[in-house]
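Novice: Each chain, letter by letter, is given below.
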Amino acid sequence: MTNDTSGDVRLSGIAKTYGSFTAVHPLDLTVPQGSFFALLGASGCGKTTTLRMIAGLEEPSAGTVHLGDQDVTALPPYKRPVNTVFQSYALFPHLDIFENVAFGLRRRGIKSVKKQVGDMLDLVQLGEQARKKPHQLSGGQQQRVAVARALINHPKVLLLDEPLGALDLKLRRQMQLELKRIQTEVGITFVHVTHDQEEAMTMADTVAVMNAGRVEQLGSPTDLYENPRTTFVANFLGTSNFIEAEVDSKSGDDVVLKAGGGKLLLPGARCSAPTTTGGKVLVGVRPEKISLVPAEEAGEIPEGRNRITGRIADSSFIGVSTQYVVDSPVCPDFEVYAQNIDRDTRLVPGAEVVLHWNPAHTFGLDASQDIDAGTEEEAVV
Amino acid sequence: MATVTEAPPLAPEQPKPPRKRGRWTPYWLLLPGILWLLIFFAMPMIYQASTSVQTGSLEEGYKVTWHFATYWDALSEYYPQFLRSVLYAGSATILCLLLGYPLAYLIAFRAGRWRNLIMILVIAPFFTSFLIRTLAWKTILADGGPVVGALNTLHVLDVTTWLGMTEGDRVLATPLAVVCGLTYNFLPFMVLPLYTSLERIDPRLHEAANDLYAKPTTVFRRVTFPLSMPGVVSGTLLTFIPAAGDYVNADLLGSTDTRMVGNVIQTQFLRILDYPTAAALSFILMAAILVMVTVYIRRSGTEDLV
Numbered sequence: 001m002t003n004d005t006s007g008d009v010r011l012s013g014i015a016k017t018y019g020s021f022t023a024v025h026p027l028d029l030t031v032p033q034g035s036f037f038a039l040l041g042a043s044g045c046g047k048t049t050t051l052r053m054i055a056g057l058e059e060p061s062a063g064t065v066h067l068g069d070q071d072v073t074a075l076p077p078y079k080r081p082v083n084t085v086f087q088s089y090a091l092f093p094h095l096d097i098f099e100n101v102a103f104g105l106r107r108r109g110i111k112s113v114k115k116q117v118g119d120m121l122d123l124v125q126l127g128e129q130a131r132k133k134p135h136q137l138s139g140g141q142q143q144r145v146a147v148a149r150a151l152i153n154h155p156k157v158l159l160l161d162e163p164l165g166a167l168d169l170k171l172r173r174q175m176q177l178e179l180k181r182i183q184t185e186v187g188i189t190f191v192h193v194t195h196d197q198e199e200a201m202t203m204a205d206t207v208a209v210m211n212a213g214r215v216e217q218l219g220s221p222t223d224l225y226e227n228p229r230t231t232f233v234a235n236f237l238g239t240s241n242f243i244e245a246e247v248d249s250k251s252g253d254d255v256v257l258k259a260g261g262g263k264l265l266l267p268g269a270r271c272s273a274p275t276t277t278g279g280k281v282l283v284g285v286r287p288e289k290i291s292l293v294p295a296e297e298a299g300e301i302p303e304g305r306n307r308i309t310g311r312i313a314d315s316s317f318i319g320v321s322t323q324y325v326v327d328s329p330v331c332p333d334f335e336v337y338a339q340n341i342d343r344d345t346r347l348v349p350g351a352e353v354v355l356h357w358n359p360a361h362t363f364g365l366d367a368s369q370d371i372d373a374g375t376e377e378e379a380v381v
Numbered sequence: 001m002a003t004v005t006e007a008p009p010l011a012p013e014q015p016k017p018p019r020k021r022g023r024w025t026p027y028w029l030l031l032p033g034i035l036w037l038l039i040f041f042a043m044p045m046i047y048q049a050s051t052s053v054q055t056g057s058l059e060e061g062y063k064v065t066w067h068f069a070t071y072w073d074a075l076s077e078y079y080p081q082f083l084r085s086v087l088y089a090g091s092a093t094i095l096c097l098l099l100g101y102p103l104a105y106l107i108a109f110r111a112g113r114w115r116n117l118i119m120i121l122v123i124a125p126f127f128t129s130f131l132i133r134t135l136a137w138k139t140i141l142a143d144g145g146p147v148v149g150a151l152n153t154l155h156v157l158d159v160t161t162w163l164g165m166t167e168g169d170r171v172l173a174t175p176l177a178v179v180c181g182l183t184y185n186f187l188p189f190m191v192l193p194l195y196t197s198l199e200r201i202d203p204r205l206h207e208a209a210n211d212l213y214a215k216p217t218t219v220f221r222r223v224t225f226p227l228s229m230p231g232v233v234s235g236t237l238l239t240f241i242p243a244a245g246d247y248v249n250a251d252l253l254g255s256t257d258t259r260m261v262g263n264v265i266q267t268q269f270l271r272i273l274d275y276p277t278a279a280a281l282s283f284i285l286m287a288a289i290l291v292m293v294t295v296y297i298r299r300s301g302t303e304d305l306v
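Each protein sequence line maps, in turn, to chains A and B.
Sequential numbering of the first sequence, starting at 1, is according to full-length UniProt numbering.
Sequential numbering of the second sequence, starting at 1, is according to full-length UniProt numbering.
These are computed hints drawn from the structure, not numbers from a lab.
Glycine included, C-beta positions come from ideal geometry on N, C-alpha and C.
Check before you lean on any hint, since a few could be wrong.
Computed Cβ-Cβ distance ranges for the label pairs, DEER-style [to be verified]:
| no. | chain 1 | residue 1 | chain 2 | residue 2 | range |
| --- | --- | --- | --- | --- | --- |
| 1 | B | L29 | A | T17 | 49 to 59 Å |
| 2 | B | L98 | A | K111 | 25 to 35 Å |
| 3 | B | R221 | A | L177 | 52 to 62 Å |
| 4 | A | T64 | B | Y296 | 31 to 41 Å |
| 5 | A | K111 | B | W72 | 29 to 39 Å |
| 6 | B | P125 | A | A166 | 36 to 46 Å |
| 7 | B | R115 | A | S20 | 46 to 56 Å |
| 8 | A | K111 | B | L37 | 33 to 43 Å |
| 9 | A | A166 | B | V159 | 48 to 58 Å |
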């Protein structure tokens, strides 16, 4: 990233309402020049509307859009130095690949486009297909034409509206790396809209998780995953286990919590809820951070680890790992992912077990939220 | 990325029909249509073709004498009516396109919940007879009527008279009236195909063009219009072909000076009873239209769009 801010996208108080429905609540967002920024959320969360307001295809009901120092809120799309890669690609069916890619250059009155278009088609490895019509190409190729058609204009910002949604899983993974490579190569700011959390996490430097027209949390993929601040983010990005607990006392930087007769430790810095004694807190932990041992080996667990007891309700073998669902008094379906290194034959459904994990991996959330927020949406993906 | 996905292969070889039993089904299904065509199209065509090369008279009867001179005679005598037909039908087609395109565009992209209502209004004239509607135009354009009065006040008639389309204070019985009648009667044939092809255009293509620095007029010129070409071609054909052969409008709204080839054929068949000339005129008209249509389709280059 450079100090150049001409490619910054700054949204200030931007909002969009349709009649009585609010698609996007007033939103402040800055996307720094040269970054790969993802807007992540379930369908209908306002992420595409936000993108379209940056493109100028949707007029904001309130607020302003700045590109660098320029206020573009009132500019029509054809006067904005941004380009979009549409969800359905929206390639012009009556023009061949070459003319599709040259479209933006020609509209800006550039006469000799041959060299530029050729170079751009080489960048997306479609040099051979220049004279074909869009419908003669495969989905992945069409997608790359759409990227080339936008990138050739050297926009300050490239907007991508679920550009990989129509591709099958394998091709999608391939194109994710491809887009990331292109972004690193050209250094243009990318704003990527997606509902696929894995896609957002693999590609983006910064992810904004949107829910019901609001940004729930913004940060790097690791930050969002490790320190979710709402149950929605915790559930939408991967899976989380939640235990309802009561604040008991404080010991140093840690908070001691009571849950189902046992005690749990939570680093105070990782709790986004107030920790007054007697107050309720949701304790969260990711399934892959947890170790699982049969109840008879409980004594071998080192001191200082958070532990809870339960019975295995279900287990499914998925190759690299085994996923267990544990019925525990503090949480009826506690999920645990265990790497298949040494498989313990005693860990079968019905077995009494002890779950334990490093307290540093625990996070605390405000207990007034819906524990299941964001889980249904994830199931759609 | 090394593994590049290939373009979809061309249509694979047709698999062999799995069962012999179904082999004749398509032909059975086609049979009624083929019979219909034979009886009501092919036979009359052959009959007319033979009529056109017969000589004789009503009293003595006609005989096939391969008298091709009838064609030459018909053409040399009635070429003004042929030219007029092409001119009037062409003008009406252009007018239909100019009126119909904005209308079809409006219905396809801007009408919203009014779309169906406007569509019904476009088709509504078909609920009344063609003849009655044309007769109604006689009243509308009548001498001293409000339309003529308004056009006179606005000095439109001065312009049209200068162009040779009207005479003095009259609109009825002038070329203008005939062209207006043709335009009115064939407008729905223009609007419907235009609407169909405009409606098929993905609105995201407009957004994409807009996003790629095309201002609204350029979007129309570079994206919307080219993509609506199939509709333009079929609309103009559906308007021009019947308009070129029409005689009702020229008959009811025109005068002897505005006779089109359709009127000549009608008179030859029904009043003068000169069947060979009438048949020859019909074939010349058909051939002329076929040639014009073929050239037009080739020139418009829409084969790979349709």
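Novice: Next step is simple, just say for each hint if it's right about the structure.
Specialist: So, going through the hints one by one against the coordinates:
no.: 1; hint: L29(B) - T17(A): 49 to 59 Å; verdict: holds (55 Å)
no.: 2; hint: L98(B) - K111(A): 25 to 35 Å; verdict: holds (33 Å)
no.: 3; hint: R221(B) - L177(A): 52 to 62 Å; verdict: violated (39 Å)
no.: 4; hint: T64(A) - Y296(B): 31 to 41 Å; verdict: violated (52 Å)
no.: 5; hint: K111(A) - W72(B): 29 to 39 Å; verdict: violated (54 Å)
no.: 6; hint: P125(B) - A166(A): 36 to 46 Å; verdict: holds (44 Å)
no.: 7; hint: R115(B) - S20(A): 46 to 56 Å; verdict: violated (25 Å)
no.: 8; hint: K111(A) - L37(B): 33 to 43 Å; verdict: violated (54 Å)
no.: 9; hint: A166(A) - V159(B): 48 to 58 Å; verdict: holds (56 Å)
Figure legend: structure checked against the earlier numbered hints; hints not met, in rising order: 3, 4, 5, 7, 8.
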